[in-house]
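**Q** Listed below, chain by chain, are the residues.
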Amino acid sequence: MTILQIIFLLTAFLTLLAALRVVTSPSMVHAALWLILALAGVAVVFILLNATFLAVVQVAVYIDAIAIMIIIVVMLTRGAVRGQGHTVSKTWWAAALSALVMLTGLLVMLLQAPVRGALPPTLPLDQEAFLERLGQALVDVNQYILPFEVASVLLVAAMVGAIIVAWPLFVRRGEEER
Amino acid sequence: MLEPWIFVALLLGVGMLLPGVAIAANWLLSPKKPNAIKQSTYECGIETVGETYVQLKGAYYIYALIFVVFDIEAVFLFPWAVAYDKLQLYMVLEAVLFIVILAAGLAYAWRKGVLEWV
Amino acid sequence: MDSFWIDPFSFIGSQLAAWLTGLGLAENWVSLILQLVGALALGTAVLILTFLLIWAERKIVARIQDRLGPNRVGPYGIFQTVADLLKLVTKELITPEGADLLPYNLAPLLAVMSVVGLWAVIPMAPTLLGADIHVGVLYIVSVGSIGTLGILLAGLSSNNKYALLGAFRTVALMISYAVPMALALLVPVLLAGSMSMQEIVLAQKGLPFLLLAPVAALIFFVSSIAEVGRAPFDLLEAESEIVAGFHIEYSGLKFGMFFVAEFLHAFTISALTAVLFMGGWRGPWAEQYTALGFLYFLVKTSLVYFVVIWIRGSFPRIRIDQMNALNWKLITPVALAGLVVTAVAEKVALELGAPRLLTHLAGNALLIFAAAAGLGAYARAARRRSELLAKASKAEAPAG
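Line by line, the protein sequences are chains A, B and C.
Using the numbering used here, read the first sequence as starting at -17 and increasing by one per residue.
Using the numbering used here, read the second sequence as starting at 12 and increasing by one per residue.
Using the numbering used here, read the third sequence as starting at 6 and increasing by one per residue.
Since the hints were derived computationally from the structure, they do not count as laboratory data.
Keep in mind it's a predicted model, so treat the numbers as computed, not measured.
Heads up, the beta-carbon is just placed ideally off N, CA and C, and yes, glycines get one too.
Derived coverage of chain B by chain A (criterion: at least 3 residues anywhere in the stretch with Cβ under 8 Å from a Cβ of chain A; other residues may be distant):
(1) 67 to 80
(2) 93 to 102
(3) 119 to 127
Quick list of in silico lysine-lysine cross-link-like pairs, DSS-like style, CA-CA up to 27 Å:
(4) C:Lys92 - C:Lys64
(5) B:Lys97 - C:Lys210
(6) B:Lys44 - C:Lys166
(7) B:Lys68 - C:Lys166
(8) C:Lys210 - C:Lys352
(9) C:Lys92 - B:Lys44
(10) B:Lys68 - B:Lys123
(11) C:Lys64 - C:Lys96
(12) C:Lys166 - B:Lys43
(13) B:Lys43 - C:Lys92
(14) C:Lys96 - C:Lys166
Selected chain A positions facing chain C (Cβ under 7 Å, derived; list incomplete):
(15) Val11
(16) Thr34
(17) Phe35
(18) Val38
(19) Val41
(20) Ala42
(21) Asp46
Work out the full structure: start from the sequences and follow the hints.
**A** Dropping the structure here:
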């Protein structure tokens, strides 16, 4: 067992534990905090796979932006801290059954794939060249320029949609002041 | 390949350990006399009324959302900036288009008046 | 083997490595122990530096306010901070009832960890760098925001309405100002062609980026001050405002850790500004004599830190709605425009063969002119609106 494998197993165990606590916490705020731990675990796994750019992107976008937004949205609702009561629904057996079916399907697919050995495949060691190629690919007319521009349109659409959805919050506040 | 990250992990660990040691020293050296009044919630000397829970304004959500959008935009622009030296002018203009579209989104939010704090 | 005077850092490193290998340890363990020693030294040095920083700030702010500042404890009051620390250490740690214990105790540790972690990527000399990772600039953005998370945890777990409100306002402010900071950070990456901090310093050969992109440097500086939460943006920890913000329920050294984190963060962003925009350790003979490089780095960082303290002592506090308006209506659009201007100017200068510095300065001057014109138009519109309101209320008053 190499050091890398030990670190990976530890991180994976922590991430799974945090993910479990996300769905079983009675308090939504606690669930959001466990989510942050799970996302940090994923970032560590990215580093172990030599995908350092993705690891920092994971921390910068998921933990710093999206997790904070989730906590703010959770606080916008009522009953966030105290909890809504029992979190298990009546039809839990159906959910468990479908999860089991999906797990079996995934295991069958993974076991049939060619096994590469104990170590994960590594990206080209020259990270600088990799980043440069990624940057060039994003604006190259033959490669990813269209998804690049469409991504910006998508982000603006998300912003506009969220403003329209949150509009009543502002209108109501304006009326209250009058 | 992972060597610099080991240092990062060690420094982050040291960054958590040193304050932890300092706070432990504080805990050892401090008097411990818990008292119902000392431990009650602080509100400038007035008694607390109601639950310690506030409902936030919509403005917090809008700021968080716009931050998410611009954070993702910055993340998209970082590889482009790294590859800048090897790009031609039209490629730079494509990224400028990307930025302009997002600036238009910000201008929409401004006109809609959701950037006010009140 | 380099001599001690030419390159003290590599010299000490290689001596230590030779001694450890002489003890019979394997290669991996030697490098691991060296890195552990380095991390401990860096973390301790940076935290002990905070004593000096707090003292310097108190003296300088006092002089700006025409008084002396601490001058009793030790020569010129240097040991004042040590005395304060000793006092804080013996304070009782009062935990409020109903507080969430794990986030409550974790928050100060996270705040300090995020600031200390930033020092891993700051190049202090040609051979003195903690970790030369390829994504250094993005690492700064991400680790810097872990401090925001610490503040959020502190507010959420304190079981106190005002701590909650203060924490959310602080977090809203910090994430708002993180946008122009990230956009301004793109400019040195653009000009240097790499995200590694050492590469950015190396690319400032002959021309610091401060001259090539003054607008971006200014925006990074201002939004970093807002991120740290120092005056004039320190509304959220002002005692006359929201009690004490998110750290109401913290006592003793737990509060002390938030305090230390804030001062250290101010020094860290001074170091970042010096490295990214002023050339870091660059200076005459810095490559041959690395200790000189370290000296240049310290001088530049102290200069920027002095400006930070100067700003603190000179400006009044800004209201929170003014802070947000300033960010979203002025600083972010200017940051976006600055990025566009620098990107286009660099390529245009390259293709047309125009002198690089002049093109950039012209572009930035145009940008500043446009921003000033925009501000003037905004101010005129606001004044017209308030005049209309005054006229309307005056028209109502005699009638009513």
